[in-house]
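Undergrad: Chain residues, written in single-letter form:
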Amino acid sequence: MSTELQERVPRIRDSPARRASVVLSRHARLRLGLLLTAPLFWLGLVYIAALAALLITALWTVDSFTGLISTTWTLDNIVEVVTGSLYQTVTLRTVAVAALVTVVDIVIALPIAFFMAKVASPRLQRALVIAVLMPLWASYLVKAYAWRSVLSNDGLWDWAGAPFGISSPGYGLTATVITLAYLWLPYVILPIYAGLERVPDSLLEASSDLGASTSRTLRTVVLPLLWPAIIAGSIFSFSLSLGDYITVNIVGGTNQLLGNLVYTNVGAANNLPLAASIALIPIVIMFVYLTAARRSGALNSL
Amino acid sequence: MKLSRPARVLLGTFTLVVLGIIYVPLLVVLVNSFSTSTSLTWPPPGFTFEWWGRAFRNEGALDSLATSVQVGLAATAIALVLGTLISLALQRYEFFGRDTVSLLVILPIALPGIVTGIALNNAFRTIMGIPLSLFTVIVSHATFCIVTVFNNVIARLRRTGTTLEDASADLGAGVWTTFRLVTFPQLRSALFAGGLLAFALSFDEIIVTTFTAGSGVSTLPIWILNNLFRPNQAPVVNVIAVVLVVVSIVPIYIAQRIAGSEQTRR
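Going down the list, the sequences are from chains A and B.
With the numbering used here as the guide, the letters of the first sequence map in order to residues 108 to 409.
With the numbering used here as the guide, the letters of the second sequence map in order to residues 10 to 275.
Worth flagging that the hints you see were computed from the coordinates, not collected in a lab.
It cannot be assumed that every hint is accurate.
Pulled a few chain A residues facing chain B out of the computed Cβ check, cut under 10 Å [said to hold, decoys possible]: (1) Arg125; (2) Trp180; (3) Ser246; (4) Trp254; (5) Thr321.
Take a look, some chain A residues computed to stay more than 10 Å from chain B by CB distance [unchecked claim]: (6) Thr168; (7) Asp183; (8) Ile185; (9) Asp265; (10) Pro270; (11) Ile273; (12) Pro331; (13) Ile357; (14) Asn362; (15) Val395; (16) Ala399.
The beta carbon of each residue, even a glycine, is placed where N, CA and C say it ideally should be.
With these hints in hand, go ahead and build the complete structure from the sequences.
TA: Written out as structure tokens, the structure is:
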């Protein structure tokens with residue numbers, strides 16, 4: 108009997124892979140270590156090292172004669188960026204644009220995401236997700252350029268608005284906010300929609316069974332559950348606007364945002380240390396933002 | 010919660026109007042691709058197929074398209090491996106510094122593209138002494154693509170739990186066998202969706218790309234940017250944009266089909 112059983116159970120062959128498997132299944136820490144090594148190596152070496160190097164470069168200068176970077180330590184660039192009125196003005200303008208874009212996107216995204224997640228039939232829901240996703244595949248540049256053509260003199264806006272006396276805002280900060288809000292809208296709709304999908308319908312029904320009005324249910328049940336998703340969406344629109352310089356070039360008229368200053372200092376001015384110092388501004392702003400967002404638990408639903 | 014009929018209709022109307030507005034600029038691009046005018050006047054003075062013919066013979070555009078596909082595929086492949094590893098580690102283990110690691114994954118997209126761009130540009134050129142090339146573009150793209158794979162895979166891991174894997178181990182399957190026959194099949198569609206998004210992200214990236222591509226490397230967005238303001242080229246750019254949107258319907262449709270069929274199965 109026992110020999111018969113032994114014959115039926117296939118004997119486990121001893122091989123290096125088998126032995127490694129045994130070691131791995133016994134040591135959870137080793138498994139974790141192996142899982143983390145490659146990604147941490149990549150993100151640490153490529154990304155964190157690059158950010159640290161940026162900070163170091165910000166403390167260097169450019170030799171005004173040779174145009175080469177001289178590695179003498181100085182705080183000059185940072186002092187200039189913090190105290191220079193140009194940088195202060197542009198920083199305020201950039202933050203204002205990014206905040207406005209984010210608010211506009213959230214206000215538009217909330218009702219759409221709610222309709223998609225809670226009102227539309229499953230069939231319509233799927234169609235709407237596709238409809239929201241598809242513009243993401245049209246090139247960023249082409250969409251910005253499309254707005255340039257819509258907003259231009261004799262463009263679609265002027266043509267369609269003429270009978271109502273509404274003329275295009277032309278190129279400038281208004282056009283920048285419109286275009287950026289347009290570009291990042293899907294990035295805000297999708298996390299909010301995903302967040303709403305996770306809010307169980309039974310919770311909403313329970314709230315109404317207990318006598319809460321629709322607005323009260325939205326305020327005290329839906330919004331607190333949705334808050335992390337809203338913040339997650341806002342991280343995209345805020346951060347993407349904070350670093351943009353191409354849309355501003357296309358529809359912003361003569362205005363500049365922080366991105367433009369960084370770009371001109373890397374390219375035309377060839378002053379990498381100054382560019383690095385300017386880039387520290389959005390880094391600091393985003394770190395403050397991320398720290399606040401992390402406390403709300405939003406980073407888990409990103 | 011019961012939404013009144015007017016409220017539902019209002020929400021639906023709002024959604025449709027906004028979606029309509031979303032598609033207006035894309036329609037402008039479509040119409041302009043047939044316009045006889047190379048400037049931005051509306052309505053177009055006349056219609057022609059000339060730009061469509063030119064776009065398909067434009068070597069610069071076709072070469073850039075090939076480069077973009079190459080970069081996208083390579084970056085997606087790297088992101089798939091690294092994103093899967095890191096989501097397995099973060100979902101299945103408790104360890105010191107777990108929150109820091111999860112922040113590390115989202116940092117490359119949470120920080121503005123210009124920061125990522127200049128940081129990598131500086132690191133490659135000044136610190137490591139690596140000349141900018143196709144390789145540096147792929148490395149940079151992979152870095153910010155990891156997060157899309159990570160998001161999709163970790164969401165799936167949270168949903169599926171570990172019971173099947175525990176059962177597989179109890180039945181005597183080794184670590185590799187369990188991964189090949191249990192874990193991987195559960196992750197397959199999440200990997201597909203994450204990979205698709207990673208490819209899309211890489212394909213459309215312009216800011217990080219301008220900072221990390223050498224002078225000889227041109228992805229499609231770089232080609233578009235260089236030709237956007239060139240007279241006689243803008244209509245060709247419109248044609249390419251239209252083709253991209255149309256071509257993109259297929260993968261989005263497939264991804265939705267997969268997501269949909271999994272929802273009904275659950």
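Undergrad: Does each hint fit the structure? Answer for all of them.
TA: Here is what the structure says about each hint:
Interface hint at A:Arg125: satisfied, since its Cβ lies 6 Å from the closest Cβ of chain B, which is below the 10 Å cut-off. Restraint check, A:Trp180 versus chain B: the minimum CB separation of about 15 Å is more than 10 Å; hint violated. Interface restraint check: A:Ser246 against chain B, minimum CB-CB distance 6 Å, threshold 10 Å, status holds. Restraint check, A:Trp254 versus chain B: the minimum CB separation of about 6 Å is within 10 Å; hint holds.
A hinted interface residue such as A:Thr321 counts as satisfied when its beta carbon comes closer than 10 Å to some beta carbon of chain B; here the least separation is about 6 Å, so the hint holds. Residue-level check passed: A:Thr168 sits 13 Å from the nearest beta carbon of chain B, beyond 10 Å. In this structure A:Asp183 is separated from chain B by more than 10 Å, as the shortest Cβ-Cβ distance comes to about 18 Å. A cut-off of 10 Å between C-beta atoms confirms that A:Ile185 is not in contact with chain B; the least separation is 15 Å.
With a cut of 10 Å on Cβ distances, A:Asp265 falls inside the contact zone with chain B, its closest approach being about 8 Å. The claim that A:Pro270 is not at the interface with chain B holds, since no C-beta of that chain comes within 10 Å of its own (minimum 14 Å). Distance to chain B confirms A:Ile273 as a non-interface residue, since its nearest Cβ pair spans about 14 Å, more than 10 Å. Listed as a non-interface residue, A:Pro331 keeps its Cβ farther than 10 Å from every Cβ of chain B; the least gap is roughly 15 Å.
Non-interface status of A:Ile357 relative to chain B is broken: a Cβ of that chain comes within 10 Å, the nearest being about 8 Å off. At roughly 16 Å from the closest C-beta of chain B, the C-beta of A:Asn362 stays outside 10 Å, upholding its exclusion from the interface. Residue-level check passed: A:Val395 sits 12 Å from the nearest beta carbon of chain B, beyond 10 Å. No beta-carbon of chain B is positioned within 10 Å of the beta-carbon of A:Ala399; the least distance is around 12 Å.
Checked against the numbered hints given earlier, the structure breaks hints 2, 9 and 13 and satisfies all the rest.
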